[in-house]
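There are 4 protein chains.
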Amino acid sequence: MGIRVGIVGISGFGGGEALRLIAGHPSFELVYAAGEGSAGCRLIDRYPGVPHKLAGLMIEKWDPETLPELDLLFASLPTGASAEALSRVREEVKIVDIGGDHRYVDGWTYGLADVWPDRIRGQSRVANPGCFPAATLNALAPLLAGKLIEPDNIVIDSKTGISGAGRGGGDSKFGYAESNENLQPYGLLKHVHMPEMTTTIERLSGGSASGLVFTPHLVPMTRGVLVTIYCRGNATTRQCVDAAQSFYADRPFVRVTDRPPQTKWATGSNLSFVSYAADPERRLVIAMGVVDNLGKGAAGQAVQNANLICGLSETAGLDLPPVWP
Amino acid sequence: MGIRVGIVGISGFGGGEALRLIAGHPSFELVYAAGEGSAGCRLIDRYPGVPHKLAGLMIEKWDPETLPELDLLFASLPTGASAEALSRVREEVKIVDIGGDHRYVDGWTYGLADVWPDRIRGQSRVANPGCFPAATLNALAPLLAGKLIEPDNIVIDSKTGISGAGRGGGDSKFGYAESNENLQPYGLLKHVHMPEMTTTIERLSGGSASGLVFTPHLVPMTRGVLVTIYCRGNATTRQCVDAAQSFYADRPFVRVTDRPPQTKWATGSNLSFVSYAADPERRLVIAMGVVDNLGKGAAGQAVQNANLICGLSETAGLDLPPVWP
Amino acid sequence: MGIRVGIVGISGFGGGEALRLIAGHPSFELVYAAGEGSAGCRLIDRYPGVPHKLAGLMIEKWDPETLPELDLLFASLPTGASAEALSRVREEVKIVDIGGDHRYVDGWTYGLADVWPDRIRGQSRVANPGCFPAATLNALAPLLAGKLIEPDNIVIDSKTGISGAGRGGGDSKFGYAESNENLQPYGLLKHVHMPEMTTTIERLSGGSASGLVFTPHLVPMTRGVLVTIYCRGNATTRQCVDAAQSFYADRPFVRVTDRPPQTKWATGSNLSFVSYAADPERRLVIAMGVVDNLGKGAAGQAVQNANLICGLSETAGLDLPPVWP
Amino acid sequence: MGIRVGIVGISGFGGGEALRLIAGHPSFELVYAAGEGSAGCRLIDRYPGVPHKLAGLMIEKWDPETLPELDLLFASLPTGASAEALSRVREEVKIVDIGGDHRYVDGWTYGLADVWPDRIRGQSRVANPGCFPAATLNALAPLLAGKLIEPDNIVIDSKTGISGAGRGGGDSKFGYAESNENLQPYGLLKHVHMPEMTTTIERLSGGSASGLVFTPHLVPMTRGVLVTIYCRGNATTRQCVDAAQSFYADRPFVRVTDRPPQTKWATGSNLSFVSYAADPERRLVIAMGVVDNLGKGAAGQAVQNANLICGLSETAGLDLPPVWP
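Chains as they are written, first to last, in numbering that gives the first Met the number 0: chain E, 0 to 324; chain R, 0 to 324; chain W, 0 to 324; chain F, 0 to 324.
Note that these hints are calculated values from the structure, not bench results. Be aware that a few hints might be false.
When chains are identical, the list treats them as one kind, so a pair holds in a single copy or across two.
Pairs of lysine to any residue, SDA-like flavour, derived with a Cα cap of 20 Å [claimed, not checked]:
hint, residue 1, residue 2
1, Lys146, Ser207
2, Lys60, Val30
3, Lys189, Tyr229
4, Lys52, Val30
5, Lys60, Ser26
6, Lys189, Glu201
7, Lys189, Leu211
8, Lys189, Ser86
9, Lys189, Leu283
10, Lys172, Val92
11, Lys60, Arg3
12, Lys60, Val88
13, Lys172, Pro63
14, Lys172, Tyr31
15, Lys146, Thr235
16, Lys172, Thr236
Source: prediction; values computed, not measured.
Could you put together the complete structure from these sequences and hints?
Following this line, the structure appears as structure tokens:
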């Protein structure tokens, strides 16, 4: 018998990707799925391609008081919807919260799995990083740890596919006809992912990051996050690449590349690509990071965190190559 | 002073395209715009690129009783929403109904402008064809008129961009992430456009069309309709092309092409492309038709109809070449 | 030590998908990769997300005379390029030809794996069906076997994503700007997939299929095939569905659905969806089929065939749920 | 008789858009079209939707020595291809070079039409700005002219649709299947548009701009450029907006908006949207600019320049509202 796993938020994009990864995981057994819109359906009604073994599982209405026997719960709920509800889940159920409510909250570990796996191992409450922070912090961590850039002078220009905005309640802003062939900035100077990035940059660098600038953009594609980060420092491209290769030497999911990364390299995988271009004459360091916002940016990193807290191999169920083209 | 024009349903895709065409029309002056969602806004708040002369026009809440002085009204309302309301519009206001409520309804002329312009000239109540019928009937009319195919043995396989499903109420079915990279049939054996096609085919052929088969598909693109129509008859490709060229000899918007038409040929225009491939040995005639579902399939044909009922040149305001790429 | 596997045509879309599936296969070990454009590179230079264990494998220039020790070869070469070359591969190397040169060629088995797995088991030369035939034949087989439709009166209207046209030599016809927001029929009355469909329909039905009509369309999406097939027969929807459920009762990859299938249901998987809508009054049966053109339509079915010829579990390496959204 | 106009590079995206605009221009008459790939065809063979009056015009092989009687020539040739050839065009033929060879070259005026129309009026050799500079310089000009930002501390993160990469020679890099669902930086620290931006910023500000940072990205959409520009200065958002509104008070094509601009606002038009968000506490000014890369970024601004050099109304032929959705 495997580890008994549940998913809350099964109808959303994060929950759906968690389902895909758990379905192929060698140690996890999905025994519980809950969701708003699709409660009362079987999994196969909602996901026509779900494996036969899971096809008949009924989707429940989410209620933290009436969970079945569970070892591990993945929560993928809208911001604001998980704080109270997850507090009512039994202590002995381990939780990975893919949503935003528990990042840098007391009693929860911030699950930046590629950077600090040892802090995560053995914990029972892990808050998954947001998709932008996942791409950003993996790219910056080696530079901050190596003091190659100034922590307080960082400009993050980030771009995400539209699934990053969530399945939402059918907001016509994200309707096909209006989003296709359209590119737009949003949430200028006040995005919800700012605090976790500022806090993590400060932890990694030991300095202040109050000057952080972050501008997200919505790109007409389904999946993918690319961050282009403008930093100040004297490092050369070579020094940045070397720092990153050394920092991630034994980490299975981060790839340091010589050429600028493309979002399609990561699609469907838990991989994270980082790359650098520097011009010491202008004290300029450009760091780039690519993830799949539903992979490393959500369900992929969640499974990685779950592997760590369950004492499994970190790569269990995550060794899927990306889908191309 | 030009012809005073109003648009009802200004926030939808059909209404927006009507706005674009009217803004560039030499004889029309937009004096009234009404819409649900955007009532109380100026036009420029809803359409940031609207010409300066129209920027300040306030969007009203739609009320047929309190219209300003108007010569002509374009209505682009959801199916079911215009029948009662338009009956309360003053007689002397001419109406082109882009929506579906008045097709083959007593007192209204079915505005198949490329096929029977003479029936439309001078009328004051015109029902615009749906986007699928627009593409289909233009392709079939020459074959039916020339008795080149059997009217009762026609299979229409049609494909539309997602704006053809309307701006909707934010139905997440048409959300970007779910619609992109997805192709789906819908409304099998019961689409709302069936009756107007059956009726028109019968009028054009003099025979029954009760065997009509029609299968629409939703294609991941914003604009464009392509119909691939399988007919039975003894004609050769050459005979079909000749019949169409002769049928449309003096018509400004229909183009008969030797190679299969592509939806992008029509984007942003009121053009209609028709093409044919036949195999007399198998008694097979394939007719193909392409339109922009918001052009010939909605606002373009509506302006063409308006030109006809107002006694203007049929091409006034409609001589825009398509947008490529 | 696993089964030693090679891929020829590694740079193309079919070869790339074969790589992805083989990388995750429990019994296959990739020891050889050959390709035109990328010969001399390591796999990771071409596929930045390839698993570490394969990263350093050098891509060879394709030469059938100098193959290493191999048990199994996947060939994914352009039409016309494999016939002669594969004839020079050593007898003892099993071959699955994803390309089109060996379909219904003497000495080769046509690998319609979901329909006739027993003909494939133990063979050593298998020709994979084309992507359109894969979707079409899976949808038609139960109807033909059950005599529910006339074999000689079938119209196939098919739609494929652009990867179905192959990676090509950079033909600008398939350039992004020209293909995006564009939908087009092509290859009317003479597509290269016609003969294998005609032959298979005749084998399954015992009757002539010389009247077959087939019209492919190119849809602006990367992956996915949908076929909408118009047939004549007296069956009801229920009878068709029942026939298909019974026909595929023990087959792992074919799913019979009540609602019309969507291409996204299959993306990234080896699944095949079939569905039916019939109107006995008009003697109309509409059969629909969905596959991923690179999954069941190419590399997925190729791996399934390879499993069959190697005596492995048919689903080995293929139990990946589809990627959504 | 109108002004006799020619287009060189008619098969490319810039040439095609010039054709569309010229076809609808009240004073221009297209009498000459030349192109590589399509020489020997009629215009309608290449552009199936071209107006009837132009349908039969033959596409010539480009030869500057054998031009017909012409008043004005639009050149849209690949970088490097126009310098020598255009030098052989007769003096009395006015030229607008949409390509990159004559920007800030002696004898040519840099045609930044919204910013310095008076320098362009009456000239006979005008070099059109690149698409990125068009979006960038329109957004920065008011800030630079008003000394609201430091000219030497500017980071431009720009994003373009794939038509911005040109129709190319069928480079499979821009193939649909590989570009769709993909987002990628390119040309880091060395893009060909850098020099004209640096020079113009220096002219507008009177200071050095040697520290300019520019990172272009390719976005999976056909048309549209968005630049997000990070500057240093003490201005508030209000001050930036006011400066821009005053700077562009009488300019017909630039729109200053309160909310971040979206690329779809400009599609198919010659409009340029600029917007600002500042945080004086951090001395941060974010300037944003949106254009259609084929409109203001190419053919639109070219026609605007042509209007200026021909003494016509600046908006002649350019008052098309954008296409939405």
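Tested hints:
1. Lys146 - Ser207: Only inside one copy: Lys146 and Ser207 sit 13 Å apart there, 30 Å across copies, limit 20 Å.
2. Lys60 - Val30: Within one copy only: 14 Å inside, 49 Å across.
3. Lys189 - Tyr229: Both: 19 Å inside a copy, 16 Å across copies.
4. Lys52 - Val30: within (11 Å within a copy, 33 Å between copies)
5. Lys60 - Ser26: neither (25 Å within a copy, 41 Å between copies)
6. Lys189 - Glu201: within (18 Å within a copy, 32 Å between copies)
7. Lys189 - Leu211: Answer is within; shortest intra-copy Cα gap is 11 Å, inter-copy 26 Å.
8. Lys189 - Ser86: Result: close neither inside a copy nor across copies, 27 Å intra and 49 Å inter.
9. Lys189 - Leu283: between (25 Å within a copy, 14 Å between copies)
10. Lys172 - Val92: Neither way: Lys172 and Val92 sit 37 Å apart in one copy and 34 Å across, limit 20 Å.
11. Lys60 - Arg3: Within one copy only: 18 Å inside a chain, 48 Å across chains, cut-off 20 Å.
12. Lys60 - Val88: Answer is within: at 15 Å inside a copy they meet the 20 Å cutoff, but 48 Å across does not.
13. Lys172 - Pro63: neither (32 Å within a copy, 29 Å between copies)
14. Lys172 - Tyr31: Answer is neither: 32 Å inside a copy and 25 Å across each miss the 20 Å cutoff.
15. Lys146 - Thr235: within (13 Å within a copy, 32 Å between copies)
16. Lys172 - Thr236: neither (40 Å within a copy, 25 Å between copies)
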